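There are 2 protein chains.
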Amino acid sequence: MPGYLTLPKDEFKGRVARLQSNLAAAGLGGVLLIQNTDRYYFTGTLQSGFVVIPVKGDPLVAVRKDYDRAVAESAWPVTKLASTRGLAHLVRETFGELPSPLGMEYDVLPVKQAKMMEKLFEGAEFADASHQIMYTRAIKSEEEIDAIRIACEQVDRAVSMVAGIVKPGMTERELSARIEYELRLSGHAGRIEMRGFNQWIFYGHVLSGRGGGEPSGFDMPTSGIGASPFISQGASDKVIEIGDAITVDLMGSNGGYLCDQTRLFSLGELKEPLKGAFAAAVAIEEEVAAMARPGVSASELYEKAVELADATPYGKNFLGDGAKVSFVGHGLGVEVDEYPFLARGFKMPLEEGMVFALEPKFIFRDLGAVGIEDTYVVRADGAEQLTTSPKSLITVE
Amino acid sequence: MPGYLTLPKDEFKGRVARLQSNLAAAGLGGVLLIQNTDRYYFTGTLQSGFVVIPVKGDPLVAVRKDYDRAVAESAWPVTKLASTRGLAHLVRETFGELPSPLGMEYDVLPVKQAKMMEKLFEGAEFADASHQIMYTRAIKSEEEIDAIRIACEQVDRAVSMVAGIVKPGMTERELSARIEYELRLSGHAGRIEMRGFNQWIFYGHVLSGRGGGEPSGFDMPTSGIGASPFISQGASDKVIEIGDAITVDLMGSNGGYLCDQTRLFSLGELKEPLKGAFAAAVAIEEEVAAMARPGVSASELYEKAVELADATPYGKNFLGDGAKVSFVGHGLGVEVDEYPFLARGFKMPLEEGMVFALEPKFIFRDLGAVGIEDTYVVRADGAEQLTTSPKSLITVE
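Which chain is which? The protein sequence lines are Y and S, in order. Position 233 of the first sequence, counted from 1, bears residue number 233 in the working numbering, the numbering being contiguous throughout. To convert, count from 1 in the second sequence and add 397; that's the working numbering.
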């Protein structure tokens with residue numbers, strides 16, 4: 001089926017081997033995976049159930065439903081699980097004893113589920129394996145990078161259409177709806193997964209003028225007004241006007257693999273300070289991206305971006321006007337917010353195969369937001385850009 | 398701004414009073430709310446921070462960002478919170494002592510967040526308040542019901558368009574994309590929140606022929622093939638063909654308030670057993686909806702639906718072919734999966750103001766799915782239907 005992304009089964013074997021090496025280094029006996037994304041990432045199937053990966057040996061993929069679909073999709077043999085109650089017995093039968101300590105996904109697993117597991121595996125020693133899981137997922141294979149490239153093509157197609165559509169009097173929502181429609185026709189699945197608790201996103205943000213300067217509670221440099229106090233980010237019913245800076249911050253999605261890109265449009269000539277700040281953002285992106293190579297820490301990229309921004313007249317508007325976010329980029333794969341975070345204090349060194357979005361943005365509360373964003377993969381000799389849209393400001397007359 | 402739903406401040410006062418009465422009945426001293434939806438529901442703002450509601454007295458709304466936006470949106474006074482570390486001090490200062498036991502949202506709160514709170518409020522006694530929160534949220538005000546009505550109008554508009562668009566050779570995804578575009582133009586926010594862990598949904602499902610019969614790991618009677626093994630539900634690239642039963646299961650969303658409706662289309666004459674099963678689904682919905690009134694337990698509705706389905710030739714296909722879901726409906730509000738669940742063993746009696754979707758569906762693994770779904774509110778004298786689209790099978794020649 002065109003666009004129905006399936007990865008070769010070997011892909012999943014490499015992932016499990018990498019996780020096992022990370023578990024061994026942390027002294028963990030194994031992990032119990034329950035969250036959708038992690039189960040998918042290590043097995044190839046999202047079908048409902050549990051995955052146990054011991055520090056050595058093959059995983060147990062126990063599926064409640066749909067068993068037939070899981071068998072067809074999984075890179076590992078699948079065991080039918082009649083009920084959650086049967087899991088403890090199945091795990092002990094499979095591995096002889098319970099892998100211990102048994103890591104769980106404490107960053108995403110609700111307390112209720114964790115307590116259920118503690119009761120089910122009475123007396124077991126549990127630990128947090130979030131870091132080992134996220135670190136394993138940070139290194140992308142060429143298969144994954146190719147999937148992301150296709151997601152980047154979706155975004156490029158949609159963005160190349162915007163200049164022909166946007167006009168004064170249109171609302172942010174109307175423009176956003178038209179772009180989303182185009183993305184869907186390109187194969188975009190619509191759903192964007194975020195790992196961070198309380199973090200939501202739709203396809204991305206289409207923001208204009210003052211709407212772009214609107215802060216929100218979400219941990220993003222730009223958020224917008226949104227559709228209501230509840231869906232308080234993204235496109236709103238604000239009308240796009242002459243002089244507005246229009247942020248088109250979109251994610252492509254190919255089989256769940258994401259690409260994150262921001263381009264800036266202007267309806268009529270863009271005025272200062274927005275024009276100068278946009279040029280500064282592009283220059284910061286170029287300089288920071290040129291630093292990204294194996295061994296450089298993710299936080300160094302953030303510090304560099306802040307240093308460069310502070311040397312412009314717009315430093316106080318960098319990454320927020322007032323409340324600022326403390327990152328200038330983030331990893332992405334099948335979730336938006338993966339390792340590495342190009343953030344204050346996130347000292348993890350970059351490695352080959354890490355994919356990240358770099359997004360220097362300046363926010364002017366009363367004028368709007370300007371900035372740029374591209375997706376990169378870390379190669380042995382530097383960062384390769386995966387997004388392909390031209391970076392210049394697009395002025396629509 | 399048109400469509401930017403804000404509720405009167407009194408609305409939130411009634412919600413807090415209802416929660417407090419439920420907390421008192423359960424012997425809880427208060428709740429600490431962290432999840433987006435719950436904070437929004439009790440305050441009117443989703444801006445980032447924490448909400449503490451004591452069993453008596455006014456809530457504390459502590460906001461990190463955006464403070465100004467929270468002040469504008471919240472029904473309660475807002476306190477600025479510089480960092481999470483300051484929360485324990487602020488709570489003790491506000492209430493004199495920590496409300497105890499302090500309920501948390503164990504059904505949605507990740508372990509990592511809960512452990513952080515246990516450390517922050519060292520020595521405090523915590524408890525699960527999920528049930529009290531969900532039970533409070535189950536009773537809708539007339540303001541909420543009106544918001545849901547508007548969401549139902551969105552869906553009706555989109556559905557009324559389908560017969561003019563669908564044609565053989567179109568993919569499920571193309572049809573779905575066109576419908577989603579229409580919904581967005583009607584004010585739909587795009588995002589649909591589900592509370593259940595590992596449960597995802599997009600606008601809903603557009604499924605056709607064998608694609609409708611495809612089971613998945615999600616806890617829904619119909620799921621479809623989806624866009625990939627990762628996004629394994631909803632519309633796929635399957636081509637719609639003559640003879641296909643086409644399920645259009647859509648959610649409207651107005652300021653986050655949802656409406657859930659399913660209608661059935663057929664490209665050409667629908668064949669048996671699908672035709673007979675659809676008629677049976679409509680009859681089951683009518684009979685079960687007629688039973689819904691205050692005092693009747695939610696599980697009785699499920700049991701009645703199963704009893705009625707078993708009396709047809711299609712009993713084994715009811716709510717699944719093989720693996721079945723054990724519910725025939727679910728509450729909804731700002732999340733899809735609210736109380737009451739019309740499910741096996743869910744004995745909660747219906748009350749005035751509860752809103753639920755009722756969805757009798759028959760699934761034939763090799764032929765597809767047929768069924769219907771409408772959204773109702775429980776009134777003193779019975780269920781009032783909020784969805785407005787005609788219920789008949791729509792045959793497109």
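Bear in mind the hints are in silico, worked out from the structure with no lab data behind them. Treat each hint with caution, since some may be false.
[What the hints assert, rightly or not] Which bits of chain S does chain Y cover? Going by a derived footprint, with three or more residues having C-beta under 8 angstroms, they are:
id	region
1	420-433
2	438-446
3	552-566
4	571-581
5	747-761
6	767-778
No experiment lies behind these values; they were computed from the predicted model shown. A virtual CB, placed ideally from N, CA and C, is assigned to each residue, including glycine.
Right, here's what the structure says about each hint:
| no. | hint | verdict |
| --- | --- | --- |
| 1 | 420-433 | holds (count 3) |
| 2 | 438-446 | holds (count 6) |
| 3 | 552-566 | violated (count 0) |
| 4 | 571-581 | holds (count 7) |
| 5 | 747-761 | violated (count 0) |
| 6 | 767-778 | violated (count 0) |
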